[in-house]
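Construct the complete structure from the given sequences, taking the supplied hints into account.
Counting in the UniProt record's numbering, the sequence shown runs from 1 upward without gaps.
Treat each hint with caution, since some may be false.
List time: in silico DSSO-like cross-link candidates among lysine-lysine, alpha-carbon distance up to 27 Å [to be verified]: (1) Lys272 x Lys147; (2) Lys321 x Lys305; (3) Lys314 x Lys25.
If you're looking for bench data, these hints aren't it; they were derived computationally from the structure. The model shown is predicted, which means the values in this text are computed figures rather than measured ones.
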Amino acid sequence: MQHHKRPPASILFIFGGSGDLNYRKLTPALYNLFLDEWMPEQFSIVGIGRTEYTAEAYRTHLLEGIQNFSRRKGEQNGHVKKFFEHVNYLQLDAGDVASYARITEYVQAKETEWGIHPNVIFYLAVAPQLVPSIAQELGTLNLCKDKATTRIVIEKPFGHDLASAHELNALLTGLFAEEQIFRIDHYLGKETVQNILALRFANALFEPVWNRHYIDHIQITAAESVGLEDRAGYYEHSGALRDMVQNHILQLMCMVAMEAPVSFDANEIRNKKVDVLNAIRPIRREDVHESAVRGQYSAGWMKGKQVIGYRDEKNVAPESKTETYAAVKFYVDNWRWQGVPFYVRTGKLMHQKSTHVTIQFKDAPTFAFPSEAAESWRSNRLTISIQPEMDIRIRFQAKRPGQTMTLDPVNMTFNYEGSDDHTPEAYETLLLDVMEGDATLFMRADQVEAAWKVIMPILETWETRQPQDFPNYNPDSWGPEDADALIAKDGHAWINLPPEKK
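As structure tokens, then:
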């Protein structure tokens, strides 16, 4: 039985409707929203692509995607059939200007059928180089002038550097109002990421100690256990810094470091995030080697299988200097965080897939305890695991049972897997927000540019200096030695989570 308010009537046009993102993520997410009765009473999903499909063949193709990738694996009992009654396909070459009129015709037909003007959402699930021309053509349609009901969704990467991001923002804001533009970063849709805000601001327990007086340092890890996976065309021009640090990792850093918002208004939260990015201490180009480390994987063994080095991957230049690993030390120069280092790292073919944020607290004074207690002394730690485990762990000290005052670190864990609710996929949350017009979890133009500004000195330095030691880490490791040195010179070590015992 449904107890929630659904979004208003909506038509969702998916450019790249025959592509991989729609097949693996968007349609399975929309189907789950449909099952949970979150889709509007009146809705239509229209795939737009160059591939020839009859409506029937298109639905069969997408059903296969639901069965392979949905968390519900395509429950039958009539739901699939009902869902696909709302799904259509429009064969359209995005470069053919005249054919855009068919979009307006489709909207008008639905408007007449439903007796209401619907939300119109254009989701650009296409290669980044196609975004400007499609946006320009859409911008000429009259229905895009309607700020209240027409929206455009842009996938990352948003620009290739600060200049191109600025140019893309200028183009989009020339055609649409900022409130119509939804720049999507699927990381922000993950339950555990959103829980960072709940953890911090809904608990009197944490906020008083969430500052430089109690926190020693913060680590953010986004490790992947996979390699290139046939993405050389994209990755060769991107690299780990652009692909992960500029968006996902800096977004996580904003959630951890932001000040308390006065309300959950979208712009209020986004203002607080931009404040963090603007407070990050600029890294001078001559100091990049002290604050940032890059790496590239060699050939080797990964979980018992032989893997080739990055430079031997298909379509990768034999002398490629594209980094598959990046670690950076940031400082946030404001009242709350002055002097607290934020260590971030990401890499491919790492020892395990793991995205987690670790808040390492300062040591409590030990003088009151006998010397045997000090042996196993560990400072408090809070770890927020985002994937593959979804949990929050707090490490604190407790006395070991027995006659001596011996302390042991113990973990208290809240695990999402144990909660009864089906945890929605990130794209479910974000697509629902787009239909409702809630931009809280989407990036604003100034936020995107501020994030690029943070990493530009590193990017420019790495592009002008040839790495002397590539490849410099083995598959199934935790990255290059220099990354350990980066954090060790401050007296710290990277925290690698043991896999959670099932």
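- What are the numbers of the hints that this structure violates, sorted from low to high? Checked against the structure, no hint fails, so every one of them is satisfied.
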